[in-house]
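Since the structure of chain Z is provided, determine the placement of chain E on it from the hints.
Protein chains in written order, with my numbering: chain Z, 1 to 290; chain E, 291 to 627.
Be a bit skeptical, because a hint or two may be false.
DSSO-like mimics (lysine-lysine), calculated; alpha carbons at most 27 Å apart, straight line [to be verified]:
1) K487(E) / K272(Z)
2) K149(Z) / K163(Z)
3) K127(Z) / K163(Z)
4) K442(E) / K280(Z)
5) K587(E) / K163(Z)
6) K43(Z) / K442(E)
7) K127(Z) / K327(E)
8) K280(Z) / K495(E)
9) K272(Z) / K533(E)
10) K32(Z) / K127(Z)
11) K574(E) / K170(Z)
12) K495(E) / K420(E)
13) K163(Z) / K420(E)
14) K280(Z) / K327(E)
15) K487(E) / K280(Z)
The set of hints was computed from the structure by calculation and includes no laboratory data.
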Amino acid sequence: MTTNECDVNTDSYLRPKRLEDIDKRPLCLSGKGVTKVFGTGAKQTKAVDHVDFEFHEGELVSIVGESGSGKTTLSKMLLGLLSISEGEISFQGKPRDISTRRKKQEYWKGIQAIFQDPFSSFNVFSKIDTVLLDCINMCGGRHLPKAKKVEMMTEACCFVNLKYAELTNKYPFELSGGQMQRLMIARIFLLKPKILLADEPTSMIDACSRATILDMLLHLRDEIGMTIIFITHDIGLSYYISDSVYIMEHGKFVEHGSADEVILSPKAAYTKRLISDVPKIYEPWDLSTV
Amino acid sequence: MSKTMLEVRGLTTKYITRFREDVYAVDHVSLSIEEGKSLGIAGESGCGKSTLALSLMGYYFAPLHYQSGDIIIDGKNISGMDPDDVRKSILGTEIAYIPQAAMNALNPTRRIRKFVEDVILAHDPKADRKQISEMAEARFAELGLPPDVLDKHPVELSGGMKQRTVIAISTILKPKVLIADEPSSALDVTSQKMVIKMLRDLMEKGYIRAMIFITHELPLLYNVTDDIMVMYAGQIVERGTAKEMVFDPVHPYSRGLMHSIIVPEKGTRGHKLAAIPGTPPNLKNPPQGCRFADRCKYVVPQCRYNSIPMIEFDDSRGYRCGHSVQHLREVYQHDDE
Chain Z
1 MTTNECDVNT DSYLRPKRLE DIDKRPLCLS GKGVTKVFGT GAKQTKAVDH VDFEFHEGEL
61 VSIVGESGSG KTTLSKMLLG LLSISEGEIS FQGKPRDIST RRKKQEYWKG IQAIFQDPFS
121 SFNVFSKIDT VLLDCINMCG GRHLPKAKKV EMMTEACCFV NLKYAELTNK YPFELSGGQM
181 QRLMIARIFL LKPKILLADE PTSMIDACSR ATILDMLLHL RDEIGMTIIF ITHDIGLSYY
241 ISDSVYIMEH GKFVEHGSAD EVILSPKAAY TKRLISDVPK IYEPWDLSTV
Chain E
291 MSKTMLEVRG LTTKYITRFR EDVYAVDHVS LSIEEGKSLG IAGESGCGKS TLALSLMGYY
351 FAPLHYQSGD IIIDGKNISG MDPDDVRKSI LGTEIAYIPQ AAMNALNPTR RIRKFVEDVI
411 LAHDPKADRK QISEMAEARF AELGLPPDVL DKHPVELSGG MKQRTVIAIS TILKPKVLIA
471 DEPSSALDVT SQKMVIKMLR DLMEKGYIRA MIFITHELPL LYNVTDDIMV MYAGQIVERG
531 TAKEMVFDPV HPYSRGLMHS IIVPEKGTRG HKLAAIPGTP PNLKNPPQGC RFADRCKYVV
591 PQCRYNSIPM IEFDDSRGYR CGHSVQHLRE VYQHDDE
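Extracted from the complex, chain Z is given alone in its bound form:
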């Protein structure tokens, strides 16, 4: 990829600005007392324990916590892949109803996800253009002429800085991790869901391609107005990218607010510890507090 005929301008972002009117926007996804209990009797564990959240339209929210804090369980509940033990999730102001398969499929048109491991996110038997074509068919483009479909796919590939012409006859495993993750974003670009749930999308990619992925997520937010829920354990990343931050400890939200509030003046002890554990550049990193 030495020359890109359609380059995304990756230079454009300083630290992205928090959208000012975010609190006044309509709610996209909200939850009250959402709980997930695994096991029964004495072995019962509450993976997610009565959490409340409000995600506004066009907001980039990040959920930060250590391994085992319940981030992924919560994300699976948001996606409707796990049932909720208690509580209620509302989607676009109405209580979410995913009781039947058809209703679930309808819901998934509004919410899509990118997972941590790009290598296992694709069907290994289908070629890349099949993957993209499926997306077009899924969101009602089944009857479009072929030329239009190709145009759409080229546009999606351009958006993520890949070349459609080089990809058509390849299988996903022929790409590198960063390229696969970008292809995943190309899918999202075609599907244009209301909400994108990104579960640690950059943790398996090196720091350099990470910047590209983050830029693309920001483009999605700004150009399509997508709500992005970004799940990560890297608090630096969440500070850089998000409008609001939720900090999760043992299945509970211990703190939430705008990124500046939470990261620069943390109140909860857990947040303070998380921040102090990240290697720093401008301040000394204290190793004695382990």
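Below, chain E without anything else, positioned relative to chain Z:
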């Protein structure tokens, strides 16, 4: 002047593919580490960091082959040795290695105590098991691992604990040089900090005398190592002290890497996060001139034709670029404005 623990001169190693093509994954790499110092190697995936680590410890199993160059550990040249001899006499005592995936490094059916015994018995078949146990207990306690770890199976330990156990096992014979290949990239921040603390303890207590730390997380390198080298497409493109490399990188690629740093601090405000476009060159037929030319913002036509040597400047630093240091600094200053 302290003693040089590890010296590498013009090391070149290659992979031979199925089609008899040579891929030079490590190309004329030279480095030296003094006693008590640590060296960080940074670079993106596929730039040859891990191959360099394997080459340094003489782990030449097909398809990796040794081509040329010297590896001198504490005055002893190990380059060109048979990999089986290296295993017997070098690994563990002279040089030790920590892999990225600690979970895959431990056999799930054995207890931790058994691994420690294996390591010691492999080098000294007559060692007494009781003594080994006592020694292992003392060492584990000193490094802050709970005593019951020795009698557990690997699956009973958490990811961070497993990684720390692997470190304790691999340094049990007091190797001179420790190579840590992304030891913390699979861990969360708290476990990462414990791993780093442990490596620093090992260094302070003299169980290891020099360390090479490989990662793509620059804020981590900045805090852990004394010097940083940046690797690109099998070559070292810049080296310097950690501080110089983070705040005053000279090579356009290192500068690109430094711009991908994200830290939760006030200083990041207004800091521009810039990705380097494009992908690294295919090493089957590397470009004739500068290997970074295709992705470089400051490329001029002669970059593509002249092969570029490592140029020394400011005493201990070096870089590999066709432009002069002064020119690059002026260009960067202009860019920042």
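**OP:** List in ascending order the numbers of the hints, as given earlier, that are violated by the structure.
**Re:** 4, 7, 10 and 13
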